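Enquirer: This is what each chain is made of:
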Amino acid sequence: MAERAYSSTELMICVAARLMEDGTGAFIGTGIPMLAAALAKRLYAPNLVPIFEFGGIGASLEDLPLGVGDIRTFHKALMAAGICDVMETATRGLIEYGFLGGAQIDPYGNLNSTVIGDHDRPKVRLPGSGGANDVGSLCWRTIAIMKHDKRRFVEKVDFLTTPGYLDGPGARERAGLPAGTGPYRVVSDLALLGYDDKTKRMKLLAVNPGVTVEQVVENTGFELIIPKKVGQNEPPTREELAALREEIDPHRLYI
Amino acid sequence: MAERAYSSTELMICVAARLMEDGTGAFIGTGIPMLAAALAKRLYAPNLVPIFEFGGIGASLEDLPLGVGDIRTFHKALMAAGICDVMETATRGLIEYGFLGGAQIDPYGNLNSTVIGDHDRPKVRLPGSGGANDVGSLCWRTIAIMKHDKRRFVEKVDFLTTPGYLDGPGARERAGLPAGTGPYRVVSDLALLGYDDKTKRMKLLAVNPGVTVEQVVENTGFELIIPKKVGQNEPPTREELAALREEIDPHRLYI
Amino acid sequence: MEVLEEGRGELIQPPDVEGFRRWLRENKSMALKDKLMSEHEAVERFVHDGDYIGFELYGTVRCPMSISREIVRQGKKRLRLAGQGLNELDLLIAAGLVEKLDLTYIGYEVYGLSDILRRAAEGGKVKIVEWSNAAMAWRFKAAALGVPFIPVRSMLGTDTFRYSAAKAARCPFTGLKLTLLPALILDVGIIHVHRADRYGNCQIDGISGFAIEMARASKRLIISAEEIIPTEEIRRYPERTVIPYFLVDAVVHAPFGSHPGDMAYMYDRDAEHLKEFLEAAKTEEGTRAYLKKYVYDIKDHQEYLQLIGEERLAELGRKVKGR
Amino acid sequence: MEVLEEGRGELIQPPDVEGFRRWLRENKSMALKDKLMSEHEAVERFVHDGDYIGFELYGTVRCPMSISREIVRQGKKRLRLAGQGLNELDLLIAAGLVEKLDLTYIGYEVYGLSDILRRAAEGGKVKIVEWSNAAMAWRFKAAALGVPFIPVRSMLGTDTFRYSAAKAARCPFTGLKLTLLPALILDVGIIHVHRADRYGNCQIDGISGFAIEMARASKRLIISAEEIIPTEEIRRYPERTVIPYFLVDAVVHAPFGSHPGDMAYMYDRDAEHLKEFLEAAKTEEGTRAYLKKYVYDIKDHQEYLQLIGEERLAELGRKVKGR
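Chains as they are written, first to last, in the numbering used here: chain A, 34 to 288; chain B, 34 to 288; chain C, 213 to 535; chain D, 213 to 535.
Each hint should be verified, as a subset may be incorrect.
[What the hints assert, rightly or not] Reference listing, derived: stretches of chain D covered by chain B, where coverage requires no fewer than 3 residues with Cβ under 8 Å from a Cβ of chain B: (1) 309-317; (2) 372-383.
[As the list claims (entries may be wrong)] Over 10 Å on every C-beta distance to chain C, these chain D residues come out as not near it, computed from the model: (3) 261; (4) 324; (5) 359; (6) 526.
Worth flagging that the hints you see were computed from the coordinates, not collected in a lab.
Predicted model only: the values in this text are computed from it and were never measured.
A virtual CB, placed ideally from N, CA and C, is assigned to each residue, including glycine.
For reference, chain A alone in the conformation it holds in the complex (with noise of 0.2 Å):
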């Protein structure tokens, strides 16, 4: 029954941890990514290294980071650099993993953190790229983590910040984007999914527990791939939900 208690943010903290693969780097932005990839290196990757945007490579994260440029993003880490260093070894392709959050997706993965309505008198003015879109640009394989409803997971973004396929195949590598990157997966609250090698549209790969197929596609602002097997993501496991909440969150900063 333990297993059952846990909340949709654990869940997706889990499912994105479970994908990262070890020797890797991957940027961290605040939040979900972070504890993900504490997750990750305790328990799948013990050889992931995370890179966050101002400079820190390689921090113990003993302690969960509040921000991206935060003391904790490089106590006890292997090198503290600048902003510019760590972008430029994301340009030279170092950089294997990216995490992404945003108001709004598209089928192509996308994203919009600028504005909701018209740019120059917007409705919503959101926070703006930082660095998203140097991330969706550079790094080889982007994770988004979205909350899914069908004001997020739309047909078409008000403002498109980061890069996802653009347009479709082939559309990166025309707009001179690094060729072979783009999006890799989107962890939602309600499921894992992926993109279609040919079409590069959004793929459904598998819901979460207790969440069917047509409630994704409910939720969803677009037409949706659905794979005729869809799978079905495991739930946190004990170890994981030890981990998170004695050893990476104990405060539970955001858990």
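Please build the complex by placing chains B, C and D on the supplied structure of chain A, with the hints as guidance.
Expert: Below, chains B, C and D alone, put in the same frame as chain A:
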């Protein structure tokens, strides 16, 4: 009589040292420029800052360096940076003076330190540009230090390594070099030379003690502008010689 | 150079590298001059109405908050800002001093959005040109290089590009399409560091953010420092000098100068104060009251620290881990 | 991008940034792997015939001389080199291993010209493309930026430009004419540092030369270090890491690794040895004898140091000033 007993190197050092303006930065190359800067700092321009191309800025110069990356170029310095930072500082216009040398100089102050003869099968291969092209491109005022003879002061350099005024007024700006920069003085073992404001051609300013204008003309391989009034360089003073011999280069590495 | 595409955003500060060269030659000196002064004097002398200003790092991390508050106090107007920030930009926007922003991000990460920026943007009170984080840092880097642009591989294909003032062109060596970012030369750069000497030689502990690039991209440069150290210490570890004195116009001694933000190995951020600010920022009245209490009614940084209280500051010092 | 002018020099190593990205992804890892190995193993595994190699800083200052000698000893052939150097390049040229040079300078400053380069160039034995010092460093910087070129303001109007592989173009923001330097991506970079851990995190004292840029411009990277230190020391001063481990392929422990050059705060250059070398370099026979004595007849760096002698090395240590 002590005043007469000096070498032509010592005189060149003194003439160069007297040119320096206080509160400026000067690119220092190996040899005479190091001694001229050290002498200027002691007697004429206490706030002159020696800058070495591989990163040393504001070294004490307690001991004379033997090269531009030498430990002594940053011993007790204010900053030990790298070559890019130094050269970018020059690109931004923060370095007033640069010292240059070479195997040949032409009437426009263009310098050759690359080859004598054809580039691909040279008669004599010289060391190459090193930082000279950058110093000659980016500093506001460059000072060339040369032995004075017809083989060195030539109508046309075999290879234009480092830009002087190129082929005359406005040529530097047309080439894209920063506006208002260029050759300022030539310190030779016979004379001090400058450039005519209008034609940008080399002009005699002052002869060294015991040297006649005719001697200078005879030893110059191109037509030199001889103004009506030619000055006379003062011989090294007792004070200058004492500083040079007792404090700056007591082990006679260079003098 | 054939331009394939260009952003429609205003080029708020054109990359006049030749003007920058002339300005630096006329206004900077390599002489070691004592530049230690009060924040009042630094801001009065070196920040002018209409200036284009940049702050480093950002408003909860090693940020020159004491100088930011002084700018608000002196009411410098019609400012244009390099907007990679949080709290420092919000204070200036809230005080109505900002006209235009080259913006990359303004938000409070774990604490959510910035209501002050949101109100100003939605009300059309500030003009905003979009950039990415790295793009802003690289724009400083181009200025530091002394060249008018730098080619990069970010921003392509997006509205971030379309609402910026970047251009895209093809590389003549490889045929690759690249973003060309215009150099960003600041009228004033403001940077908070761990240590500086009286001449302005600076050391920073931990990440350098974009301090190195921004210092070199500034016509005038104000440094605030937790600690003023003797020049002998600088000379002893010359590789630790990240900003050399000749770039600096003013050195202000500002212990806890980043409060309510943090300072690596010295003190942690003041989460309570930030929450108080964010609560206040929800309404215009709340914001005005916050500014009155913590900026306008306060004479200087010293008085600000008294208001925060010694006990609280000591606690922030205890909360941070050492090396 | 309209090209106004271009140098006639061969572009010895084209700036294939996409290939560089792929290569790094396939060959580098962020895992902390022990990379400590002998100079023999490092050179055998990571230097190949035909490689384009760069050395930092230059052959009398913090230069990887022990690795350079090992390359000569293993006789790696048809090398192409980034020629900002002295002694290390001369050894390779003298051994007949060098085919092409991107050259900025080869000479011995206070000691005069390099007879070895002179003979090779005058005899047409090496192909030389010309650059300035800063241009070479900026070419590494462009590679470090991950872009195929960088605009600069050097080299314009000169034969140095005309005999280089640079191009000139007009800035689309300002109309200024600029030099575009192609990025220089090395097959192998070789750097000598003061301290490294077993994984390759490096610290350098004093000037950084062009180590930061070159490390980032290298496909394979060999580090030699005066001292191997525990990773805890690295983690304690993370701002001192100038080269992070994930760029590094091999770490070689090499005390006095820069001999006959110097190492800041540790030992001075060996002027006597340099004079001996320069005297030998005057003739081909002399050069051969020098190589035999100090390179070919020597098994490794340890044996080389024995040949130089403890007393002499200790003396060089005493001659250098501390901080």
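Enquirer: Failing hints, ascending?
Expert: 5
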